[in-house]
Structures are given as structure tokens and as C-alpha cells.
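Protein chains in written order, with my numbering: chain A, 1 to 129; chain B, 1 to 275.
Rather than coming from a laboratory, the hints here were simulated on the basis of the structure.
These numbers come from a predicted model, not from an experiment.
Under the rule of at most 25 Å between Cα atoms (straight-line distance), these lysine to any residue pairs were calculated in the SDA-like manner:
1) B/K11 / A/V25
2) B/K73 / A/V29
3) B/K73 / A/A26
4) A/K124 / B/A109
5) B/K73 / A/L19
6) B/K73 / A/V25
7) B/K11 / A/W21
8) B/K181 / A/A128
9) B/K11 / A/V18
10) B/K73 / A/R16
11) B/K11 / A/A28
12) B/K73 / A/A28
13) B/K73 / A/W21
14) B/K11 / A/G15
15) B/K73 / A/V18
16) B/K11 / A/V22
17) A/K124 / B/E41
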Amino acid sequence: MPAKPPAKRKSEDPGRPVLQWVMAVAGAVVTLSAIGIVAWEALQPSSPPALSARIVAVETTAAGHVAVVRVQNDGDDTAAAVQIEGVLSDQTATASLDYVPRHGHAEAYLRFDADPRAASVSVKGWSAP
Amino acid sequence: MTAAALIDLRKERAYVRDLARAFAGALVFNIPLLMTMEMWEQGVTMERWRLLTFIVAGLPLLYGLAYYAGFSKRRGFRNDILDTAVALAVGFVTASVLLILFGVVQWNAPPQEAIGKVALQAVPGAMGALLARRQLSGDGGGDTDEDDASYFGELFLMAAGALFFALNIAPTEEIILIAYKATALHVLALIALSLLLLHLIVFNAGFAGQEEADRPLHAFLHFTLPGYAIALGISLFALYVFGRTDGLSAQGVAQIVIVLGFPAAIGAAAARLLV
Numbered sequence: 001m002p003a004k005p006p007a008k009r010k011s012e013d014p015g016r017p018v019l020q021w022v023m024a025v026a027g028a029v030v031t032l033s034a035i036g037i038v039a040w041e042a043l044q045p046s047s048p049p050a051l052s053a054r055i056v057a058v059e060t061t062a063a064g065h066v067a068v069v070r071v072q073n074d075g076d077d078t079a080a081a082v083q084i085e086g087v088l089s090d091q092t093a094t095a096s097l098d099y100v101p102r103h104g105h106a107e108a109y110l111r112f113d114a115d116p117r118a119a120s121v122s123v124k125g126w127s128a129p
Numbered sequence: 001m002t003a004a005a006l007i008d009l010r011k012e013r014a015y016v017r018d019l020a021r022a023f024a025g026a027l028v029f030n031i032p033l034l035m036t037m038e039m040w041e042q043g044v045t046m047e048r049w050r051l052l053t054f055i056v057a058g059l060p061l062l063y064g065l066a067y068y069a070g071f072s073k074r075r076g077f078r079n080d081i082l083d084t085a086v087a088l089a090v091g092f093v094t095a096s097v098l099l100i101l102f103g104v105v106q107w108n109a110p111p112q113e114a115i116g117k118v119a120l121q122a123v124p125g126a127m128g129a130l131l132a133r134r135q136l137s138g139d140g141g142g143d144t145d146e147d148d149a150s151y152f153g154e155l156f157l158m159a160a161g162a163l164f165f166a167l168n169i170a171p172t173e174e175i176i177l178i179a180y181k182a183t184a185l186h187v188l189a190l191i192a193l194s195l196l197l198l199h200l201i202v203f204n205a206g207f208a209g210q211e212e213a214d215r216p217l218h219a220f221l222h223f224t225l226p227g228y229a230i231a232l233g234i235s236l237f238a239l240y241v242f243g244r245t246d247g248l249s250a251q252g253v254a255q256i257v258i259v260l261g262f263p264a265a266i267g268a269a270a271a272r273l274l275v
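Bound conformation, chain B alone (with noise of 0.2 Å):
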């Protein structure tokens, strides 16, 4: 074999490894999305325009989780790159292969439509691949960045929580009804009670470091306030992308963004436990 020179077994099962880990990782997180009904209509029925936007911003995202997270040891600018595509292809194999499996993609389709529906869940996939490494592997992580990471890092890492939260709620009906069901006063006790768990998640977590332990008030400033903020953004680009603001006033997206805000706000709290 002429290839051995190049090919080293063992590096290559080591690989092997790490990237079952990342199709674990995707199936953890893309499963609850991959069997929802709203999720295949809109790979559908979605504005094309907006299904780039929702690729092409994932894509920079992709790249920060395998800065700060990624399911191989290796580290570096070049690796990270590579991780984020081999995590794109790991999210598009597990979404193809499910949505055939689960009859929702059909091969007499279209194949715009098949497209659509595997593109939309590709990307929560390779998150959830990126993430694998901390989720799945016992040693704790090993040497990821995200210990000492920045304070803009922390809030990136909140994005990314936020996001995967707002991404499992956004595409269903459930968060219409809740919006329209809700009155001023539930609505400023969402806020609340976003901003409460937010704060006592990101205290609690450690996500402060230590000097900011003994100064609650700084803490609340300096990450819970952003945070709630960085959770509202995200919200507000979900039900963009999902279509779900379309036709409201600007009190209703106001509302609707605050509803989802408020899982999107504990998914920002909890990117510290999970990344």
C-alpha cells in the first residue's frame, strides 16, 4: 500500500472518534427540531432570502463555537475552519439521513423543496456537532478557550445559547398563541422573571468569575443586562427568519420577541453550563 506513508491508522481512528462524537452531538440537539412539523413546512414555504440569512450567519457563529468549543482536541485557526466544515457536513449527512428516514424528505420531491428542508436543519445540527465535545467526552473538555474566554467571548457564548434555545421555539405555532394570549402584564412579567433567572443562572454558573461574585449589582450590569439584550436580538432574528413577525404591528413583534425572549434569555444563562 503506497498510501501508508500518508495515512496514519492510528491518527486516523483517534479522528474516527472524534467524529462520532460530533454525530452524537448533533443528534442531541437537532432531533427535537428535525421531528417538528413546523420546521419541514418552512424549509418549504420559507423566503428563500431569509433562509440565506439564517445559512450565511449561521456559518460565523459555526466558527466562534469551534473557536471556544469543537469535538476535536486539536486547536488552532486552520483547524477551526476545518472543524466548522467537517460540523456542516456531519449536520447535513444527520439531517438527510433522518428527514429520509422519517419520510419527510421523499425522493420523487422536488429537489428545491428536499433542499430547503435539509439546509434549515443543517446548521442547529453542526452546533450541536461543535458542542459535542463538551457535552459527550468525560475529561472535562480539555483545552477549549472558553475557560479564559474574553468578555466579548462570554457574551458570544450567550448568543450561542440563546440561539439554540429561540431555534427549538421560534418555527412552532406555540409561540404565536402564547403572544397572543399574553397581556401588558404578562408581558412586563416575562421580563421579570426573564431577568431575575438570567441574573441568578449567569451568578450561580460562575459565568461572572469571581471578582464579579462579590459585586451582584456589577454583575447585573456587566452580563445580565447585556445578556437579556443579546437574548432579544436573537428573538427578534428567529421569528425574522421563521417568518413569525410578518403582519404584526410593532407592539406585536415587541411582544411576540419577548415571549420567546424568555427561554431564549435561560438558553443564554445556560450556554455557561453547557459550552
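Okay, chain A solo, but in the shape it has when bound (with noise of 0.2 Å):
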């Protein structure tokens, strides 16, 4: 191997890119931003999963009608394996979903052979992730 310079430190360039510095800040920027939501996120004071569900829209399909299920969850902590359950006088139709971040939603679909307009639409258990 060739011996090095002892010096090897290059003198400081006054004359930097100005690219190097506008990808620098946003650098920063965007790493202090992500950094501050996640440490205001973790200051929040947690409470269990609050979930509620209901059908926002339905879609007309040959093979039925599809309820669209939105999940809410208003608590402090994330749901995983999330069941959901919709009734239509006789038929009972269910789904489950991964996840539902907290403060945050997820939607299912529900499958019926009637319009499920009038259909009750419930969450019946999670698991925490």
C-alpha cells in the first residue's frame, strides 16, 4: 500500500456548492419536522383503541352489494386484526382489517345480497399489534 500524506484533511473550500446546501437544509428541515411530530405524538397521553364503524357509500356489483365500512379509531393506540361485522335482517357478513392507526381509519368492504343501506355495522374485537 502507498504510504499516505500525513496531512490529509483537505482545507476547508469556502466556495461550496449552493446544491450542497439547499439539499443540507432541506435535509434538516424535513429530519427536525419528522423528529418534532413523532416526539409531540409520543407526549400525547394514550388511551385504548376507540373504534367505531359505518357504511359510507355502497356499490352496486354483479356478484352483490357492497358496503363500503369506514373504521374510526379515536384513541391513543393502534388496532391490529380488527373484525368488523354487518347485519342485514337475516344475513351476517364480516371482514377484518390489519390495522387501524390510531387517530386514524381504515375502511373494509362488506358484502350483502340486498342493499345494505339499512345494515348495522359493528367492530367486534382487535388485537394490539
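Dock the two chains into a complex; use the hints.
See below:
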């Protein structure tokens, strides 16, 4: 291996590319914002998932009527494996959602033979992620 | 154009090349994680304190990588700080664009969900960006500081290598399953194999330098054992961050740390080959 010169570090060149500054500022701003948002979230009080389900739309397909169910989580914890059930007269339809994030929502689909506008939908249970 | 006095186009063009290399490095290192389902789930479900710990602990690590590697030719404290910030920008852009393209981050998703998913991936992406120079430039890396890294520097590089490998495995379900399947005998054998491979790679990759090459026992005590301890420490950190140690007994934690310690030890040893 060739011997390295003792002074390896180049002296600081005052003229840096403008692009480097632009990118560095963008990186610092984005990173600090992300840290700020995550820290703010971490400081929020925690409460168990509070899940509610309601039908937001009904689509008619060749394979029956599909109710679009929006599951809202108003709690501070994320729910996993959320079971949703819809009942319309004597027909029961079920679906499951992998996750419903804290203060977020997710959508599931229930299939019925008849128009499900009058169906009652509910959340049956979930597990901690 | 009045900006012409400030903007030296040749310099800007050269920096665009550096940036392109940084993006390539971020892609090479981050794609396996960006396409891992558990990483998306962790971005949503992970306890926010752990996510915060992960990002904040990543910053000094990224600075260390900027110091020892880095994707631009310039050196110096200020440049290394700038490189760290640029690498983070590269990591965030890479993660955002790819996660949107993969349909993992959707426009109508709650913002904290998207931020969690992207922020979790930005740190490994930034690691990749900072390692890009060594990986992708054909000139042998030029005057990075890694060649005459101090003993502390060598250990730091080992930690970075261990973290890189551990990060790719800690979030997956497989690590839990392997730890459940392993018996005490398996675990002991895994420790022996980890130490053996770590020592062989360290020894043959010239980690220890010339004088240690004549004294294998010295190299073992000086590099292999501390390297393995670092690999185990990094494994514990990664498993804690991804919630893999939750609900386990002390013995269960030891078992899963040793299982993840195997790839982490290989990563620690390979750091010398990569960086």
C-alpha cells in the first residue's frame, strides 16, 4: 500500500456548491420536523383504541351489494386484526382489517345480497399490534 | 444572470454527480427494507418513543459514517455535518417516492401514518447514501478517513455494519420464529459460529492491521470479542426498537439477541469489507 501523506484532510474550500446547501437545509428541516412530530405524538396521553364503524358508501356489483365500511379509531393506540361485522335482516357479513392506526381510519368491505343501506355494522374485537 | 457570480456551474454539476451516487447508495441499501411488510407495519404501530429513539440514535451514527465514508470528496467537520443532513434528505426522498410508488403510503392516509413509515426508512436510506462513495465510486474511495481509523473508529465501523445487518432482519417475523425453534444447544452453537466467522473475516480482511496478523490471540481479544459484544448490543437495540423483546423472559431475550447477533456479527466483520 502506498504511504499516505500525513495531512490528509483538505483545507475547507469556502466555495461550496449551492446545491449542497440546499439539500443540507432540506434534510435538516425534514429530519427535525419528523423528530418534532414523532416527539409530539410520543408526548400525547395514551388511551386504548376507540373504534367505530359506519357505512360510507354502497356499490352495486354483479356479485351483490358491497358496503364500504369506514372504521374510525379515536383512541391513542393502534388496533390490529380488527373484526368487522355487518348484519342485514338474516344475513351476516364479516371482514377483518390488519390495522386501524391511532387517530386514523381504515376501510373494509362487506358483501350483502340486498341493498345494505339499512345494515348495522359493528366492530367485534381486535388485538394489540 | 446575477447569480452567475455565486453559482459555479462546474462545481454544481460535480455535486449533482455526488448526489446521484448518494441516491444510488440509498437505493442499494434501502430497497430490501422498503419492500419488507413488517417495516410498513412498524411505521404505523411502533411506539412513538421507540421510533424517536431510533431516529435520534441514528443521527450520531450517520455523522460517524459521514466522517469515515461519505459520498462527497470534501472533508472537514462542517462538510461532514452537511453531508449528514444531505444524506437524510436523500433518505427521506428515496423512502417517500418508493413507498408512494409501492402504494404503501397513500394520499388519503392519516399524516402520522405516512410520517412514521417514511421516517423509519429514512435512517437506513441515509446510511446507504453515506456508504455510497465506497460502494459505487471506482477510485477506491480516495481520501476517506477510514484507512487510518483509530481503534475506536474500527469499533464504530463494526457497530455500523452490525446495525445495517440487524436492521434488515430485526423487524421480520422470522427472527421470532427462529428464536422459538432454537434450543439451548442451537444457541450455544450459534455463539461459537458467530465468533469463529467474525474472527476469520476480521483476520483475513485485514481489519486488525499487520501487527495483529502475527498474533491471532491478540486480534481475538482486541477485535473479535469486542466486535461480538458490539454485535449483541446492536441486536438488543434493534430488537427493542422493533418491540421484539416485549413480553419475553430474560432467557428469551438472551436467546433472540444471540440469534440476531449472528447476522449482526457478520455485518460487523463485513463493515471492513464494505466501508
